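Peer 1: Chain residues, written in single-letter form:
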Amino acid sequence: MTDQDPPTGASPASDDFAARLRKAQQAQDAKHGGKGRLDRGAQGPIGVALRIGTELLAAMVVGVGGGLLFDYWLGTAPWGLIVWFFLGAAAGVLNVYRAISGLGYATGYRRIELKDNAPPDGGAN
Amino acid sequence: MDPLHQFQINPIVQIVIAGFDVSFSNSALFMVAAVGAIYYLLTHGMKAGALVPGRLQCLAETFYEFVANLVRDNAGHDARPYFPFVFSVFMFVLFGNMLGMIPYTFTFTSHIIVTFSLAMVVFVFVTVLALMKHGMHFFSFFMPHGAPIALAPILIPIEVISYLMRPVSLSIRLFANMMAGHTMLKVFAGFTVMMISGLGALGFVAGLVPLAINIALTGFEFLVAFLQAYVFSILTCLYIRDALELH
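Chains as they are written, first to last, in my numbering: chain A, 310 to 434; chain B, 31 to 277.
Rather than coming from a laboratory, the hints here were simulated on the basis of the structure.
All figures in this text were calculated on a predicted structure; none of them were measured in a lab.
For glycine and all other residues, C-beta sits at the position ideal for the given N, C-alpha and C.
Don't take every hint at face value.
Chain A is faced by these chain B residues, among others (derived, beta-carbon under 8 Å) [said to hold, decoys possible]:
| id | residue |
| --- | --- |
| 1 | Gln44 |
| 2 | Ala48 |
| 3 | Arg203 |
A few chain A positions that, by computed beta-carbon distances, are all more than 10 Å from chain B [stated by the list, open to error]:
| id | residue |
| --- | --- |
| 4 | Lys332 |
| 5 | Gln334 |
| 6 | Ala367 |
| 7 | Asp380 |
| 8 | Leu383 |
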């Protein structure tokens, strides 16, 4: 009697579990937008904050460094620094916007085109 | 007591070639140790080639499959030829981070010059790859598709800067995470020592608080050590995909 109970009992229970697992995974994917889930999921809010800080800092490093090099090379001080500073700041803010709007770690070119393709991909990068 | 003392470079063998200091330092020693450990794990682990893997073989296969999935999911099927590159980068960064978690070791990934060199290798590799695949067409990617031509003088420099930002943000992310974590561990460990030396018997009790925090931080550091290696290689994959596809 007791031997027969587990097989009959286990099958609906495991079906139920599989269904629940699938539902949970779908909910999780929908919440985090497919593969972009590392961005906001795994690292938590501190990870996101660190990432944004890194983007801004890196942009300023490249902007100011590039400006100084440009001035050193062409002797146009301080105009190269001024122009590159603002370009670097713009690039930094642009990359933060890209990071936040769910484009994930993708950086660089052709973001506008990628963005149009995003919905069919399910927002994956 | 100085929490930054752990990041000091100490030459082990003094070598000077043509006026340049190329000493074999503790940083270099742990890079060699990381490469040696990876080599041992992969060769010794896979030597048996058993159908039912042992512990080392299981670990080696896990790493292989993990990176293979990473490359397939993030860089696509066309990126298969570049798997060895991503695998090398991942293993080197991971072992560098993990070796640094052993007490008295040196974490070479906590130095920006090391992470920046690694990031530059990735950057140059990806740029050369894109140039080889697409030739001069590569440069059309600095102009966002569909943007008005009038905006080109502003957009192109911004896109070029955000392309040049890649190695910088890649290296800062890894170095900052590793250095901040290791400094924090030392600071909290220092609190315990200070409490014991300053408060005597009471310090032994009060010192337990930072010690408890340090235990939690150690676990967190292991997570960060793995996660940063993962992020470094996932970004490498995304850059390779960008270089291959370019849209």
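Peer 1: With reference to the structure, classify each hint as holding or not holding.
Peer 2: Evaluated hints:
no.: 1; hint: Gln44; verdict: violated (32 Å)
no.: 2; hint: Ala48; verdict: violated (26 Å)
no.: 3; hint: Arg203; verdict: holds (5 Å)
no.: 4; hint: Lys332; verdict: holds (23 Å)
no.: 5; hint: Gln334; verdict: holds (16 Å)
no.: 6; hint: Ala367; verdict: violated (4 Å)
no.: 7; hint: Asp380; verdict: holds (15 Å)
no.: 8; hint: Leu383; verdict: holds (15 Å)
Hints 1, 2 and 6 from the earlier list are contradicted by this structure; the remaining hints agree with it.
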